Amino acid sequence: MLTATQYIAPLMANFDPSVSRNSTVIYFDNGTALVVQWDHVHLQDNYNLGSFTFQATLHNTGRIVFAYKEVPVDLSLISSVNHPVKVGLSDAFVVVHKIQQIPNVRRRTIYEYHRVELTKTKITNFTAVEMMPLATCLQFTSCGECISSQINFNCSWCHRLNRCSSGFDRHRQDWVDNSCPDETKDKMCDIVDTTHLYPSTASTASRTTARIREATGGATGSTAQSPTSVPTEDDTKIALHLRDTQALPAESSVDRKSPPLHTGLILGILLVTLVMVGGVLITVYVYHHPTSAASLFLIERRPSRWPAMKFRRGSGHPAYAEVEPVGPEKEIFMESDQC
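In the working numbering, the protein residues as written are 48 to 386.
20 Å max Cα-Cα, derived PhoX-like pairs, lysine-lysine:
(1) Lys167 - Lys116
(2) Lys169 - Lys116
(3) Lys133 - Lys116
Between beta-carbon pairs, the in silico distance windows are:
(4) Ser123 - Ala51: 17 to 25 Å
(5) Ser127 - Gln53: 13 to 21 Å
(6) His309 - Pro150: 32 to 40 Å
Hints were generated in silico from the structure; no laboratory data involved.
Just so you know, these numbers come straight off a predicted model, no measurement behind them.
Built from N, CA and C at the ideal position, the CB exists for glycine as well.
Work the whole structure out from these sequences, hints included.
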């Protein structure tokens with residue numbers, strides 16, 4: 048489910064505020080930060096473990112702080128039978144596929160592209176965890192800044208969208224639909240050289256190719272996983288995306304081979320034209336020079352003189368050949384059936 052992959056969890060467990068009158072969940076927003084506090088909450092399936100008090104603060108700069116006041120037991124001892132136990136961050140996006148074989152039916156694929164998991168054994172009373180946001184590809188607005196960026200993500204520029212991205216964010220649906228994965232394979236962009244290494248040609252734009260190193264982002268006191276595209280549901284697959292992205296190189300190869308196809312077509316048209324012109328010239332020559340050697344040669348070998356044509360004249364009817372009379376009063380006809 049999407050809710051299992053999208054969360055900001057200082058402590059996710061089977062908490063139930065209704066089991067105690069002292070349990071509350073309060074929040075406050077001052078315009079620059081949102082604070083949510085779980086105060087004296089208990090586990091539904093194990094009330095005797097004690098109450099938990101902790102809070103999460105989300106700043107408008109992207110900074111996130113988890114603070115823990117009361118943690119009565121080691122978090123690794125909390126049972127996850129009735130509810131998962133998680134501490135950290137996770138985000139995902141949904142891609143909708145249309146199934147051609149089944150009309151009016153769509154398939155959703157959930158991609159969990161980033162997760163931060165905190166070590167549960169380090170969460171104790173009066174501890175805090177601060178997570179600072181990393182620079183992302185979406186902050187770059189030009190092709191040059193995008194491919195030459197040195198951040199913890201593999202950035203690529205898509206000219207069709209005029210967008211910089213690693214390919215795995217909330218806009219991946221547009222990224223794939225506009226064939227950006229195939230467009231960004233070369234990772235090249237025209238960048239004006241401003242270093243003036245060659246004074247005589249300082250105004251000439253130089254083509255620069257920047258290779259971005261792959262890295263994984265992290266947070267203080269946490270372990271960050273690199274962006275992935277693994278679906279989180281068993282009944283979802285990535286086949287359609289792979290099919291879409293793999294079909295694009297084949298189409299591009301066909302485009303690269305198009306010039307030879309056009310050349311062959313032009314040569315064929317020229318050859319047919321030459322044959323037709325030659326036939327017309329020969330016909331005109333034979334018509335005006337009927338006694339020439341070429342004319343007599345063609346007359347002797349005209350189609351009506353071909354043996355096969357003699358049988359075609361009576362197609363569907365028996366052919367008769369008249370023979371000289373044997374006697375004064377008798378005529379004989381020989382009938383030959385057409386094979």
